[in-house]
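Protein chains: 2
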Amino acid sequence: MKRHNFNSGPSILPQEVLEQAAKAIINFNDTGLSILEIGHRTEWFVSVIEEAKALVKELMQLGNEHEVLFLHGGATTQFMQVPMNLLDTNETAAYCDNGIWGSKAIKEASLFGNAVEAASSKDKNHTYINKSLHIPPESKYLHITTNNTVEGTQWHHYPNTNVPLVADMSSDIFSKQIDFKNFALIYAGAQKNMGAAGVNLVVVRKDILGKIKRPIPAIMDYRKHIEANSLLNTPPVFAIYTALLTLRWIKKEGGLAVMEKRSIEKANLLYSTIDALPAFTSHIAKEDRSLMNAVFFLRNPANETPFLELCKKEGMVGVKGYRTIGGVRVSMYNALPLESVHAIVDLMTEFSNKNA
Amino acid sequence: MKRHNFNSGPSILPQEVLEQAAKAIINFNDTGLSILEIGHRTEWFVSVIEEAKALVKELMQLGNEHEVLFLHGGATTQFMQVPMNLLDTNETAAYCDNGIWGSKAIKEASLFGNAVEAASSKDKNHTYINKSLHIPPESKYLHITTNNTVEGTQWHHYPNTNVPLVADMSSDIFSKQIDFKNFALIYAGAQKNMGAAGVNLVVVRKDILGKIKRPIPAIMDYRKHIEANSLLNTPPVFAIYTALLTLRWIKKEGGLAVMEKRSIEKANLLYSTIDALPAFTSHIAKEDRSLMNAVFFLRNPANETPFLELCKKEGMVGVKGYRTIGGVRVSMYNALPLESVHAIVDLMTEFSNKNA
Numbered sequence: 015m016k017r018h019n020f021n022s023g024p025s026i027l028p029q030e031v032l033e034q035a036a037k038a039i040i041n042f043n044d045t046g047l048s049i050l051e052i053g054h055r056t057e058w059f060v061s062v063i064e065e066a067k068a069l070v071k072e073l074m075q076l077g078n079e080h081e082v083l084f085l086h087g088g089a090t091t092q093f094m095q096v097p098m099n100l101l102d103t104n105e106t107a108a109y110c111d112n113g114i115w116g117s118k119a120i121k122e123a124s125l126f127g128n129a130v131e132a133a134s135s136k137d138k139n140h141t142y143i144n145k146s147l148h149i150p151p152e153s154k155y156l157h158i159t160t161n162n163t164v165e166g167t168q169w170h171h172y173p174n175t176n177v178p179l180v181a182d183m184s185s186d187i188f189s190k191q192i193d194f195k196n197f198a199l200i201y202a203g204a205q206k207n208m209g210a211a212g213v214n215l216v217v218v219r220k221d222i223l224g225k226i227k228r229p230i231p232a233i234m235d236y237r238k239h240i241e242a243n244s245l246l247n248t249p250p251v252f253a254i255y256t257a258l259l260t261l262r263w264i265k266k267e268g269g270l271a272v273m274e275k276r277s278i279e280k281a282n283l284l285y286s287t288i289d290a291l292p293a294f295t296s297h298i299a300k301e302d303r304s305l306m307n308a309v310f311f312l313r314n315p316a317n318e319t320p321f322l323e324l325c326k327k328e329g330m331v332g333v334k335g336y337r338t339i340g341g342v343r344v345s346m347y348n349a350l351p352l353e354s355v356h357a358i359v360d361l362m363t364e365f366s367n368k369n370a
Numbered sequence: 015m016k017r018h019n020f021n022s023g024p025s026i027l028p029q030e031v032l033e034q035a036a037k038a039i040i041n042f043n044d045t046g047l048s049i050l051e052i053g054h055r056t057e058w059f060v061s062v063i064e065e066a067k068a069l070v071k072e073l074m075q076l077g078n079e080h081e082v083l084f085l086h087g088g089a090t091t092q093f094m095q096v097p098m099n100l101l102d103t104n105e106t107a108a109y110c111d112n113g114i115w116g117s118k119a120i121k122e123a124s125l126f127g128n129a130v131e132a133a134s135s136k137d138k139n140h141t142y143i144n145k146s147l148h149i150p151p152e153s154k155y156l157h158i159t160t161n162n163t164v165e166g167t168q169w170h171h172y173p174n175t176n177v178p179l180v181a182d183m184s185s186d187i188f189s190k191q192i193d194f195k196n197f198a199l200i201y202a203g204a205q206k207n208m209g210a211a212g213v214n215l216v217v218v219r220k221d222i223l224g225k226i227k228r229p230i231p232a233i234m235d236y237r238k239h240i241e242a243n244s245l246l247n248t249p250p251v252f253a254i255y256t257a258l259l260t261l262r263w264i265k266k267e268g269g270l271a272v273m274e275k276r277s278i279e280k281a282n283l284l285y286s287t288i289d290a291l292p293a294f295t296s297h298i299a300k301e302d303r304s305l306m307n308a309v310f311f312l313r314n315p316a317n318e319t320p321f322l323e324l325c326k327k328e329g330m331v332g333v334k335g336y337r338t339i340g341g342v343r344v345s346m347y348n349a350l351p352l353e354s355v356h357a358i359v360d361l362m363t364e365f366s367n368k369n370a
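Residue numbers (the numbering used here), protein chains in the order written: chain A, 15 to 370; chain B, 15 to 370.
No wet-lab data here; the hints were simulated from the structure.
Just so it is clear, the structure is predicted and the values come from calculations on it, not from any experiment.
Take these hints with a grain of salt, some might be off.
Since copy identity is lost for identical chains, a pair holds within one copy or between any two.
[To be verified] Simulated pairs of lysine-lysine, BS3-like, Cα-Cα distance not exceeding 25 Å:
#1 37 <-> 16
#2 225 <-> 121
#3 327 <-> 275
#4 326 <-> 37
#5 16 <-> 368
#6 71 <-> 118
#7 227 <-> 121
#8 368 <-> 136
#9 225 <-> 195
In isolation and in its complexed conformation, chain A is listed as follows:
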């Protein structure tokens, strides 16, 4: 049966990336060795990491002010690592609380300094992006989550602020053209638009580092990773290689302009269907709807289970809403073909006609 993979992450990857990754597990670049068996300091792997870094800079159109790192862990690791590197005990950082991941980031930052809420959309269950920001002028940085995977909202225009901008881009990185140089620090777990779980991309403007007094454990110190070219310790070799394959695919397909065009097309198709069909409803503010994760509900709650079961029967994976929210979530990352959105839209239409 043909599967349609709407997983929220780990999520769908391009078929050719999977084929290349599988091949490298057996025989990496005709070395006769597996990518899992080669030393991380060999020229073989150093060329992998160099190419991956160069591709990130090219896709983001960044110069030498920014450094690209591939680090162990996921975004949750960065919730700790960002304040550990940027925020001294008696200093302030401003955080936007527009979703569950933003809330968690604030909680971790408060272990390191004074993390204040610049805005919150909790009043409406995070169904919109609160853009009225109150940023204490002494803030070391402003932290935003560019796309809220769980709630299905997304920043479409970033805040214009004087303090350094730090962004968790885990779930919409490389999905659109952005003025990346406006960000002081960007981080993203790889398992949505960039490859396999187990590696973080961190892009950091070097001038914001080295300004705090706290001693930082080596493995958490961005400066030590920069000095060591992401080879401070054994890095997550396979996850970095899969990121390289995915970055190559993005470039080959036409780069971020093409990813953005496809994302808009897929999201328009899905949201217009949700709006048109009487069986479905969305609680998300229209101007803040995520192009990556569409969160919606059955207007009649009794229809939810039958609809999710129908999806399962038809080979549609990962459409159940987040455990604390319920409903339906359809994730449309870069690798999801338009064909899959057509398939679920057809199913929704058929279901609505029968059950509305």
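Could you slot chain B onto chain A? The hints should help.
Here is chain B on its own, set in the frame of chain A:
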């Protein structure tokens, strides 16, 4: 050309593990999805992690006092995470400095509390294991590195002490039968005997946790990972799956008794050759020689480059000594076949006969 993989880590894995891992990248367990594309909270992946945990407990013969975790990062992450969880600011922990990794562990621990040297073999460039331990009685734990990958030494009998024993087993885990229940905490980066880089195995006796006052960031808190069954955040899915495949292989081959028997046979063959041939010499104390990593030198330094080049020409990978030590290093992890040791022993004999 047939390759012989003597890499020190990432290092050789069983061929069948590589084949199964490659297959799962395309189609995991006949789900029609890649292991890289499935949610970590699906029953598919939960059964992977449950089986991996059960196999660790079975191979280690551990009961319910210990918990098994699979965490992001490598041993360098644990250098920080262990003291962060176990050592309060004004408390003492004893560390053995018998090699470069032990030294690094002490340095990281000193950021969290009073890390004292219980013993050091620095006086002889770490060419032996100093077993004369001075452990302050108030120590929260004693930390040892069971095998020194860089220097080529190994503890063959563990210290008998009243304080909880913490061990970095990154480079000899699952290579021999050990009374694992004597350890309060064991950690190991996976990329030697256990699979792909990017995941740590942590085995911890629960009663040592929760005894410090320091607030611990969520992603670093062992208790939070125990509560969440290693699913606190998106774990390194593929690295955990590869660990499962390797654990299955170890069990199928006969378990730790068989791994130990093979290791002894391989190491005996190599060390007896080093001792017998005039061209080679070892500086390591005989009783402390590592069964995993044999570090040795050409008696005539001018022969080093020609020997390493001959190895390269004959398809032998990873035999160059560590960058700060030089010489030759031959790693003989579980997956290395005896045949590969025979191959390098034959080459050494031929080289010695021609050049001694």
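Taking the hints in turn, this is what the structure says about them:
Taking the shortest alpha-carbon separations for residue 37 and residue 16, both the intra-copy value of 23 Å and the inter-copy value of 18 Å come in at or below 25 Å. Both within a single protomer and between protomers do residue 225 and residue 121 lie at most 25 Å apart by alpha-carbon distance, with minima of 22 Å and 22 Å respectively. For a Cα distance limit of 25 Å, the shortest separation of residue 327 from residue 275 qualifies neither inside one copy, at 31 Å, nor across copies, at 51 Å. In this homomeric assembly, residue 326 and residue 37 come within 25 Å of each other (Cα to Cα) only across copies, at 24 Å, whereas the closest approach inside a single copy is 30 Å.
Proximity of residue 16 and residue 368 under a CA criterion of 25 Å is satisfied intra-copy only: 24 Å inside one chain copy versus 63 Å between copies. For the homomeric pair residue 71 and residue 118, neither the shortest alpha-carbon distance inside one copy (29 Å) nor that between copies (32 Å) is at most 25 Å. With identical chains, the CA atoms of residue 227 and residue 121 are at most 25 Å apart both within one copy (21 Å) and between copies (18 Å). In this assembly of identical chains, residue 368 and residue 136 lie within 25 Å of each other by CA distance neither inside one copy nor across copies; the values are 36 Å within and 78 Å between.
Taking CA atoms no more than 25 Å apart as the test, residue 225 paired with residue 195 passes inside one copy only; the shortest distance there is 20 Å, against 45 Å between copies.
Hint check: violations occur at hints 3, 6, 8; the rest are consistent with the structure.
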